[in-house]
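Asker: Next come the chains, spelled out residue by residue.
Protein chains: 2
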Amino acid sequence: MGIAERREREREEVRRKILDAAQELFATEGYERVTMRRIAQAIEYSPTTIYLHFKDKDELVQRLCQENFVKLIRVLSAQGTPADPADAIRQMGLGYARFGLKYPNHYRFMFLTPFAHGHQPSPAGQQAFELLRNVVAKAIESGRFRRAPVDTVAQVLWANLHGAVSLLITYGADKFPGCPAAPDLVEQVIEIGLRGLAADAPRGTWPRGVAPTPKKTKGR
Amino acid sequence: MGIAERREREREEVRRKILDAAQELFATEGYERVTMRRIAQAIEYSPTTIYLHFKDKDELVQRLCQENFVKLIRVLSAQGTPADPADAIRQMGLGYARFGLKYPNHYRFMFLTPFAHGHQPSPAGQQAFELLRNVVAKAIESGRFRRAPVDTVAQVLWANLHGAVSLLITYGADKFPGCPAAPDLVEQVIEIGLRGLAADAPRGTWPRGVAPTPKKTKGR
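These protein sequence lines are chains A and B, in that order.
What the first sequence shows, in the working numbering, is residues 1 to 220, in sequence order.
What the second sequence shows, in the working numbering, is residues 1 to 220, in sequence order.
Keep in mind that the hints were calculated from the coordinates and are not lab data.
Treat the hints with caution; some may be incorrect.
Identical copies look the same in the list; a pair holds intra-copy or inter-copy alike.
[Said to hold, decoys possible] Here are the computed lysine-lysine pairs in the BS3-like style, where the Cα-Cα straight-line distance is at most 27 Å:
(1) 17 x 138
(2) 175 x 102
(3) 102 x 57
(4) 138 x 55
(5) 138 x 57
(6) 102 x 138
(7) 102 x 55
(8) 55 x 175
I would like the entire structure built from these sequences, with the hints used as guidance.
Answerer: Structure follows, in structure tokens:
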């Protein structure tokens, strides 16, 4: 390995270390409180070193958001998209929940951390939402979902799932107020959401596990 | 006012100040990071003073949780319970969302702060869940909801709403990834959840704003 290559690898390692430390600190101490100095301290570098890699906290946060959402997109699209939009939504939902429960610090950083006022959503964040939006559009166009604004429906599905995942991350399944979390909470949230959005459909086709209702007829 | 009374009032004022500062710190800096010393510092008291009021951080947190959930319960039951369980769920859901959006720091503390390992849910937290659980039980018993485990259904409704409220608190409506939050996101989350849980019902009765489906008949 040449000197230039080794230097590049070392540089990459330092960047990684900074990003990982920053993510953990943002998730546990909140965005506002964590300074570049605090991040440097955590990994025992000088603040100057950090500034060699990232212009400021904003750049660091943008980079982290982008990375995390790229990771999420990879999970969401890993298994290809099933032809049936309901199945596609199920698959994406389960992937999203797995991602959140496997990487709670990533999840907290991405979805539970209030950022600075000027923060702009990352391009990959937009793309991740776009994946969901596309499947929802397909569900509506194909008549599986009732007609409704695509963005709103996508946000409702996302909010529902985010609620389940973030409660599980925040409390742990056994510390819910009232009673422990249902073991199939995530699946139920998805299925009930699908049923709530379903158009009336011919018997036996939609949605899974739910008593179907006869096709809607004119004049009702 | 007598001396004893004045002392009691002053004591109450100090307790209030401690609790308010603690809540804000927990919500913004996370549970783990905030020490009794940090809270003392924030309100410019000595740590000793704080220990005169609260044995330790655990006691303080328990007290705060209890207070906040009492406040939430007051909001949830302010308007009485409508006879129709669906209306009761709508009313509770809207009250819950108003509470969260009006008191984001309370909300973050109650529902978005991971507590210490040994933390026990507060009695009022259990009670708040019980309010929802009771309405859900009524909805199932009366045949408005499909048969399903009451706890699971209550958790799904809660998770859905928590998702919408916490996204709105964390991002602000205009910073959602993808596109700004739908102005009626909370209402849609509630209505779609109700529809997803609804039993097939006679035409025109259930749920509001949704094309009704004919009554389920035997042998289908």
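Asker: Please go over all the hints and tell whether each is borne out by the structure.
Answerer: The hints, checked one at a time:
Taking identical chains as interchangeable, the C-alpha atoms of residue 17 and residue 138 are never at most 27 Å apart, the minima being 41 Å within one chain and 53 Å between chains. Taking the shortest Cα distances, residue 175 and residue 102 sit within 27 Å of each other both inside one copy (18 Å) and across copies (25 Å). Taking identical chains as interchangeable, the C-alpha atoms of residue 102 and residue 57 lie at most 27 Å apart only when both belong to the same chain, with a minimum of 26 Å there against 29 Å between chains. For the identical chains of this complex, residue 138 and residue 55 are neighbours neither inside a copy (42 Å) nor across copies (58 Å), given an alpha-carbon limit of 27 Å.
Proximity of residue 138 to residue 57 under the C-alpha cut-off of 27 Å is found in neither arrangement, the shortest distances being 39 Å within a copy and 51 Å between copies. In this homomeric assembly, residue 102 and residue 138 never come within 27 Å of each other (Cα to Cα): the closest approach is 29 Å inside a single copy and 36 Å across copies. Taking the shortest alpha-carbon separations for residue 102 and residue 55, neither the intra-copy value of 30 Å nor the inter-copy value of 36 Å comes in at or below 27 Å. Proximity of residue 55 and residue 175 under a CA criterion of 27 Å is satisfied inter-copy only: 23 Å between copies versus 41 Å inside one chain copy.
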